[in-house]
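We have chain A already, so just place chain B on it with the hints.
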Amino acid sequence: MGFTKINGKMVEALLVPGQRLFSQRGAMLAYTGDVRFTPNITGGQGGVMSMIGRRVANEDTPLMTVEGQGRVMFGHGGHHVHVIDLVGDTLYVEADRLLAFEGTLRQSTMFMGSQGGVMGMVRGQVTGQGLFTTKLEGQGAVAVMAHGGVFELPIVPGQSVHVDPQAYVAHRGQVQNKLSTALGWRDMIGRGSGEAFQLELSGQGAVYVQASEEKL
Amino acid sequence: MSYPPQPPYGQSPYDQPTQPGFAAPPPPGYGPQPGQGYPPPAPGYPQQGGYPPPPPPQQPQQAYAQEQFGGPQAPLPSTHGGSGPVVYDAFSLPVNDNVNPYAFSVDLNGSYFLQKGKMVAYYGDITFKGVGAGVLDRMIGQHFNSPMHAADWVVAQGRGKLLLADRAFDLNSYDLDEGNLTVRSGNLLAFDPSLRLKQSIIPGFLTLIGTGKFVAASNGPVHFVEPPIRVDPQALVGWADCPAPCHHYDHDYMHGLIGGIRRLTGLGGASGEEHQFEFIGAGQVLLQSSEKLMAERSVGQVDAEAGVPVGGVPSQPAASGHGGGNLNVPGLGNLGDLGRRFGL
Chain A
1 MGFTKINGKM VEALLVPGQR LFSQRGAMLA YTGDVRFTPN ITGGQGGVMS
51 MIGRRVANED TPLMTVEGQG RVMFGHGGHH VHVIDLVGDT LYVEADRLLA
101 FEGTLRQSTM FMGSQGGVMG MVRGQVTGQG LFTTKLEGQG AVAVMAHGGV
151 FELPIVPGQS VHVDPQAYVA HRGQVQNKLS TALGWRDMIG RGSGEAFQLE
201 LSGQGAVYVQ ASEEKL
Chain B
1 MSYPPQPPYG QSPYDQPTQP GFAAPPPPGY GPQPGQGYPP PAPGYPQQGG
51 YPPPPPPQQP QQAYAQEQFG GPQAPLPSTH GGSGPVVYDA FSLPVNDNVN
101 PYAFSVDLNG SYFLQKGKMV AYYGDITFKG VGAGVLDRMI GQHFNSPMHA
151 ADWVVAQGRG KLLLADRAFD LNSYDLDEGN LTVRSGNLLA FDPSLRLKQS
201 IIPGFLTLIG TGKFVAASNG PVHFVEPPIR VDPQALVGWA DCPAPCHHYD
251 HDYMHGLIGG IRRLTGLGGA SGEEHQFEFI GAGQVLLQSS EKLMAERSVG
301 QVDAEAGVPV GGVPSQPAAS GHGGGNLNVP GLGNLGDLGR RFGL
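The listed protein sequences derive, respectively, from chains A and B.
For the first sequence, our numbering assigns the number 1 to the initial residue and increments by one for each residue that follows.
For the second sequence, our numbering assigns the number 1 to the initial residue and increments by one for each residue that follows.
These aren't lab readings, by the way, just hints derived from the structure by calculation.
Treat the hints with care, since some could be wrong.
If you anchor each label on the Cβ, the simulated ranges turn out as follows [unchecked claim]:
| no. | chain 1 | residue 1 | chain 2 | residue 2 | range |
| --- | --- | --- | --- | --- | --- |
| 1 | A | E214 | B | V120 | 21 to 29 angstroms |
| 2 | B | V86 | A | T104 | 42 to 50 angstroms |
| 3 | A | G203 | B | N96 | 28 to 36 angstroms |
| 4 | B | N98 | A | Q166 | 26 to 34 angstroms |
| 5 | B | R167 | A | Q166 | 17 to 25 angstroms |
| 6 | B | I201 | A | P154 | 53 to 61 angstroms |
Just so we're clear, the structure is a prediction, and the values are computed from it rather than from any experiment.
Backbone N, C-alpha and C define an ideal beta-carbon position, used for all residues, glycine too.
Okay, chain A solo, but in the shape it has when bound (with noise of 0.2 angstroms):
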């Protein structure tokens, strides 16, 4: 199991009978072998109440599941990929940026609030994640969709990273995150340098950040 990277915007999954995948609903490119694409109404795990919970928190991006045997390979949209291995830690990203990911994994979705009160929702909304983000958390293989190249920045204890909202695509680990602003003068009269509002994310674990500030 697991992704392997074809190229820069396509991936390939390996499907065996007895596992599953969850991708989003048409991103499938091609696959050879008996494939069966289901689409999930619960937008992903967890049953009715996490899906209610999903369609409230407007993180209800239609996946749907792949199940069979055969290789099935993915890309959307002409974004790039990148796929991020979990061994046991969590990984918090934005629905919409999910391509696929295995069966494996844990998917949850977490309030902005929990994590810094008021300052995480202002946070939220910078970032364009709005006031929930999904967690996905266990053991497996989880592709990410990015506008431009993704790399990963380490976050290691002690030394935060900043990351402008914009860029900011998912994180890992055990890291507490915070908007940092440098609101100035010159902000309020239309000098700004654009990058007033920066995440300050410290901890342990790591970042990833896309090479472009569009937005899916």
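For chain B alone, coordinates are given in the frame of chain A:
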């Protein structure tokens, strides 16, 4: 227009001293316009028409630059310490190869067909004529075996280097050796006149037959796979050698209790993957890594005639899957659209 340009050219941005790699003052005896920093003047560069033969390809750029600028102090028309922009000239441009993933350089000697608007720059003495312009008609007859809209194509004739690009789509050239390749009409940029262009029976696709080179664009790099494979219609760039594909519909998800509810109510929607093109046989299938299509090119209408599948271009978005008609009648297993309409 002839290449060695007349004085107005000398005032072009090329003579800016800030041009990377050309900051040093040119040595005396530099050429027709002393004092101008225009990069590619070769000694004995003809004044009118013509195009000098490129230097031997083995000739290292360093030697070339020294010969040009008369000494090691002359900067190299190349990178600065491995980074920074590479400056090409008429000779250092690749021959029939990619300059970068998004631009392709054709070493033109003769004629070449290209889609209108795909030329971004050229060196040399090249004329562009609309297909169907007088003298060319005979050639067109030999190579355009398609009711294509002639207005969409131009013929480049002459000698020089021709740079092709299309909105930063990835470009690739394909060599055919007594082969055939069918490609999405919007993706074909240019082709060698030694190839013959025909319209595929599959609407919206063009087939190239023969021996030669053509240039096609794709959204993201092209990935080659071998049949048997089922391909999302939007991810398909083309196919070579294998038989034309057939449609494949998945109705599995309409079975069972949940499937029945879906079927009756449209709730749950379609997976978006219930329709594919299925390829069988021996050959190669070309995939692009995204589902964003390039604009479809009109390939012309085939004559309405008994036994000829209706030609023309399928409607642009993914709706092409549903072949038109009133297939959304419940019970035909095609409730996907209904679901989409309800946003489910």
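Structure-based check of each hint:
Roughly 24 angstroms separates the CB atoms of E214 of chain A and V120 of chain B, a value that falls within the hinted 21 to 29 angstroms. Roughly 46 angstroms separates the CB atoms of V86 of chain B and T104 of chain A, a value that falls within the hinted 42 to 50 angstroms. Between G203 of chain A and N96 of chain B the beta carbons are some 53 angstroms apart, a value that contradicts the proposed interval 28 to 36 angstroms. Take N98 of chain B and Q166 of chain A: their Cβ atoms lie about 31 angstroms apart, and the range 26 to 34 angstroms holds.
In this structure the supplied range 17 to 25 angstroms holds for R167 of chain B paired with Q166 of chain A, their Cβ-Cβ distance being about 23 angstroms. Between I201 of chain B and P154 of chain A, the C-beta spacing of about 54 angstroms keeps the proposed range 53 to 61 angstroms intact.
The structure is inconsistent with hint 3 alone, although it conforms to all the rest.
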